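Could you slot chain B onto chain A? The hints should help.
2 protein chains.
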Amino acid sequence: MQRITIAPSQINDNYISLTPEQHHYLTRVLRLQTDGQFQAIDGTGQLYLCEIAAANAQIIQLITPLVGELPPPITLICALPKGNNFDDIVRACTELGVMTILPAISDRTLLVPSPQKYQRWCKIAQEATEQSERLTSPTVAEPRALQRILSELPDRSYKYLCEARGEHPHLLTCLQSSQLIDLPIIIAIGPEGGWTPAEIQLALTHNFQLVSLGRQILRTITAPIVALSIVTAAIEQILVPKS
Amino acid sequence: MQRITIAPSQINDNYISLTPEQHHYLTRVLRLQTDGQFQAIDGTGQLYLCEIAAANAQIIQLITPLVGELPPPITLICALPKGNNFDDIVRACTELGVMTILPAISDRTLLVPSPQKYQRWCKIAQEATEQSERLTSPTVAEPRALQRILSELPDRSYKYLCEARGEHPHLLTCLQSSQLIDLPIIIAIGPEGGWTPAEIQLALTHNFQLVSLGRQILRTITAPIVALSIVTAAIEQILVPKS
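If you read the sequences in order, they're chains A and B. If you're matching positions, the first sequence starts at 1 in our numbering and goes up one per residue. If you're matching positions, the second sequence starts at 1 in our numbering and goes up one per residue.
Rather than coming from a laboratory, the hints here were simulated on the basis of the structure. Values in this document were obtained by computation on a predicted structure and should not be read as measured data. Please note that a few of the clues may not be correct.
Cut-off 25 Å, straight-line C-alpha distance, at most; resulting in silico cross-link-like pairs (SDA-like, lysine to any residue) [what the hints assert, rightly or not]:
hint, chain 1, residue 1, chain 2, residue 2
1, A, K123, B, Y25
2, B, K123, A, R219
3, B, K82, A, E163
4, B, K82, A, D88
5, A, K123, B, G83
6, B, K82, A, I63
7, A, K82, B, I124
8, B, K82, A, L49
9, A, K123, B, E192
10, A, K82, B, S9
11, A, K117, B, L30
12, B, K117, A, N84
13, A, K82, B, E192
14, B, K82, A, L30
15, A, K123, B, K82
16, A, K82, B, R3
17, A, K82, B, D88
18, B, K82, A, C174
19, B, K82, A, N12
20, A, K82, B, T129
21, A, K117, B, K123
22, B, K117, A, I105
23, A, K117, B, R120
24, A, K82, B, Y25
25, A, K117, B, T129
26, A, K82, B, I4
27, A, K123, B, I4
28, A, K82, B, R120
29, A, K117, B, V29
30, B, K82, A, E142
31, B, K82, A, I200
32, A, K123, B, K117
33, B, K123, A, I217
Here are some chain A residues the structure puts well away from chain B; computed CB gaps all over 10 Å [said to hold, decoys possible]:
hint, residue
34, I6
35, Y15
36, P20
37, Y25
38, Q33
39, I60
40, Q61
In this text, a Cβ means the ideal position worked out from N, Cα and C, and glycines have one as well.
Bound conformation, chain A alone (with noise of 0.2 Å):
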């Protein structure tokens, strides 16, 4: 069954205020008649089976979850790459479970994006987290400097600077090690060329560790997708025990 993204702004009662857009897509694109049922995530968790009614929608029954979102937030620092590759970025990693994205303006960071770009990150989260079958969408940061990133973040997390080159424990080990599920993770990610020495020792002062992801020599848009997968996976050993 189609499935939108609704604000949970909004449901009134057991009514759905559709925007102009959603109506459109619902009965020009999808081709509902009246009484057509669709479903609706609001985003925060919520899974909604509804019916065209008229210009809105009438909500007939909240879902249980299908697919659960990982226990612990992940939260995903990035350093903006050249070009559009951030679009990638933002969809493999909704994917991937990531409940934040925090698009970091680092010392390399060759070009502050656009605000439609920004944009444009929102919408294709939202499409990712539709697609994947999530009930929560990630929430996309506006582009901000990585010092006021770093300065905002909350102490109590496991958090994990990714540096290429280095010989620094590699991310699984130092995540198999950890409790990993009582707390939030945090990942980040540096931009072509990496981190410059100024920035990995303020996230050694907000105390980070210093990962590998390995010996190879990944893109900038690969690394997160690699970091993100290795995060993902060491949850997922913790949540189901070796047989």
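Coordinates of chain B only, in the frame set by chain A:
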């Protein structure tokens, strides 16, 4: 220093017969003069320091590998996805150290790609080898039926078939309970809609183990990158013991 990929057959004594395309790239695009230096990899693990010498190039030195290849060769069997997404799979999996990519025509493969596509994948693998500073280009095979691919695999290898939404043990758990670096590793990833029951049965008769990549619902383009990320992380952990 700029790097190009040559075929081993281009080397004769200490000289490399450059193709017109390579010569153009070195002298026109990179603007190297006579005696200008560049690096060449031959796709089999050798890295050479070279100098332009008239229409050809002279090998100055065989350079010690900078970045090691992972010891067990990794083979990816990947059912062809819709659209042009296989390009991205080839690129990212090359970065991640795959040695052999076997595009598979499965029951749910919709379109058999043209020979041009196949040549394009080989070119992408070569480019990604250079960019990720690997010394060995992965082999990309021509698309073949899954049945034929499975029948030609080496017997002595670790074989994992990834299935979405199954109740299988996690790939990471399976890898960590194996010796891992003593035998080749073969990972099979299905198409949109997954493997058919007949294909799963066939894989079982070829001694594949059914594994999960976790509770997330991944696109066909994301799944191979996630699987390879987990494989390389597990290998790294064995190579670099916990401190």
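Of the hints stated earlier, which fail here? 1, 3, 6, 8, 10, 11, 13, 18, 19, 21, 22, 23, 25, 27, 29, 30, 31, 32
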